[in-house]
Amino acid sequence: MKKLFCLLLSIFLFSCNSKEKNLAKNNADNSMPKEIRTDLYGSWVGDFTVLERDTTREAKEKYRNKINIVIKKITATEVTGQSIVAGNSRPLKGFMRRTGNTFYFTLKEPGDDKNDGVFTFEIQKDTLLVGTWTAFNAKKEVTKRKFELTKKEFKYDPNVMLEDVDSYIDFENPKEKLITDTEDQEDTEEGEDSTSTKKAEPYMETVYRAASEKIFNINSSTQKLKESDVKNLKKIDLEILRNTIFARHGLTFKTKTIRQFFDNVQWYVPIATNVDDQLTAVEKENIVLLKRFEKYAEDNYDSFGR
Amino acid sequence: MIKITLQYIPLNPNVAFLQIKQTEVNQIPFYYPIFYVHVYSAIFVLLAGFSQFSSTLLKKYPATHRNIGKVYVFVVLFLSAPSGFFIGLFANGGLYSKISFVTLSILWFYFTLKGFTSIKNKNITKHRAFMLRSFALTFSAITLRFWKVILVYLFHPAPMDVYQIIAWLGWIPNLLIVEYYLYNQLKK
Numbered sequence: 001m002k003k004l005f006c007l008l009l010s011i012f013l014f015s016c017n018s019k020e021k022n023l024a025k026n027n028a029d030n031s032m033p034k035e036i037r038t039d040l041y042g043s044w045v046g047d048f049t050v051l052e053r054d055t056t057r058e059a060k061e062k063y064r065n066k067i068n069i070v071i072k073k074i075t076a077t078e079v080t081g082q083s084i085v086a087g088n089s090r091p092l093k094g095f096m097r098r099t100g101n102t103f104y105f106t107l108k109e110p111g112d113d114k115n116d117g118v119f120t121f122e123i124q125k126d127t128l129l130v131g132t133w134t135a136f137n138a139k140k141e142v143t144k145r146k147f148e149l150t151k152k153e154f155k156y157d158p159n160v161m162l163e164d165v166d167s168y169i170d171f172e173n174p175k176e177k178l179i180t181d182t183e184d185q186e187d188t189e190e191g192e193d194s195t196s197t198k199k200a201e202p203y204m205e206t207v208y209r210a211a212s213e214k215i216f217n218i219n220s221s222t223q224k225l226k227e228s229d230v231k232n233l234k235k236i237d238l239e240i241l242r243n244t245i246f247a248r249h250g251l252t253f254k255t256k257t258i259r260q261f262f263d264n265v266q267w268y269v270p271i272a273t274n275v276d277d278q279l280t281a282v283e284k285e286n287i288v289l290l291k292r293f294e295k296y297a298e299d300n301y302d303s304f305g306r
Numbered sequence: 001m002i003k004i005t006l007q008y009i010p011l012n013p014n015v016a017f018l019q020i021k022q023t024e025v026n027q028i029p030f031y032y033p034i035f036y037v038h039v040y041s042a043i044f045v046l047l048a049g050f051s052q053f054s055s056t057l058l059k060k061y062p063a064t065h066r067n068i069g070k071v072y073v074f075v076v077l078f079l080s081a082p083s084g085f086f087i088g089l090f091a092n093g094g095l096y097s098k099i100s101f102v103t104l105s106i107l108w109f110y111f112t113l114k115g116f117t118s119i120k121n122k123n124i125t126k127h128r129a130f131m132l133r134s135f136a137l138t139f140s141a142i143t144l145r146f147w148k149v150i151l152v153y154l155f156h157p158a159p160m161d162v163y164q165i166i167a168w169l170g171w172i173p174n175l176l177i178v179e180y181y182l183y184n185q186l187k188k
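Those protein sequence lines, which keep their order, are chains P and W.
Take the first sequence: its letter number 212 is residue 212 in our numbering, and every next letter is one higher.
Take the second sequence: its letter number 145 is residue 145 in our numbering, and every next letter is one higher.
What the hints contain is simulated information worked out from the structure, not anything from laboratory work.
Below, computed lysine-lysine pairings styled on BS3-like, alpha-carbon distance capped at 25 Å:
| hint | chain 1 | residue 1 | chain 2 | residue 2 |
| --- | --- | --- | --- | --- |
| 1 | W | K3 | P | K235 |
| 2 | P | K214 | W | K98 |
| 3 | W | K98 | P | K231 |
| 4 | P | K60 | P | K139 |
Using the sequences and the accompanying hints, generate a full structural model.
The following block contains the structure:
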């Protein structure tokens, strides 16, 4: 009798145990994918501005770049996303805390790239993402940047154009030019001090390449360009027209020369480091044509030849 | 100039200047071969010209002068000028440059032909005058490119705006200088 009781008890205990195990398993399954605040998902876009820079070195990194922080998934324990800036696209991983109505995020880049760092930011009133980025490598030229981003989804629109409000000047590639003009000197008023009569010394002046008005009229994504359309364009015009195609597709630009032209463009949202598979047939043909003319301009414009 | 010509060896339909003439290369029959006739022939004309105004050569080796001269006349009349006329019809820079290059090729042909016929008639003064005119136009190959460098350095104009200007600036001053020189010779 005693033996039988023991057996029953052990069976009873055993069955209880397995039930508990199952229950624990179910709980784990439920909590895993529970996503919260999906309304914050998407692209947050704005300026990525230098806060701390090693001024003892030559300034190589741009003062301001356009950044896109994509929030992909938020759960109670983990947040994932992507940072896209200056030709780099890095995965982000971290967590979110809530204090009152404000959400605080800490998101880290993987750390295997020399430009990786950690983003800390808050989202105010669900509309403004404000924070700073700190480089993992404290010896980098720029170790800290700040940003204030608003939500802006990327959408490919072949019809968007550069707006004719800015003049497009290449400040990244200045050239020194010798000026030996003496004309100005002769205009000086009488009775001025004797320096005005001195012969003007030749001096160096910094000159920049400026784009022509044509870049506002030619759409390189929708019209199939002919040689005659682009023949009278300077190299800078050709470069801008070609890269406008990539900007429409949300390419993040590696070179500062190109970034300076597009970072201020209102519709431009950097989203990927390669958009080649997104290009339309017309765009592909135009890129080949423009590239050819750029090469010709590079090789021939100011040299002895045609 | 030899370096510029060497860019076009080996034959390539999409190199140097032809990079921006793909419409013509693909759509105009014979543009590509005729362009190459012009490039390969004109370089010899340019070189041949340098020896022909040397009076030492003329006095000491008159046969050499005649032989090089014959090559010059043959190449200009049958190769360089006709090909220049043809590619001039499709010149960059629109109507203004087309008129310039076509006129240039016709005058080139005419002066060279006149230079040849006048020496056949033993008229040395006339021969010399026309050959000077002919070479003034031959030399535009160099002056045109030279002006381009200067204009681009000074004003950074759009490429085809430069082209319209150098199309004329390349040969008209050359011809004026020669005419002025001939006019002074005449007075003596």
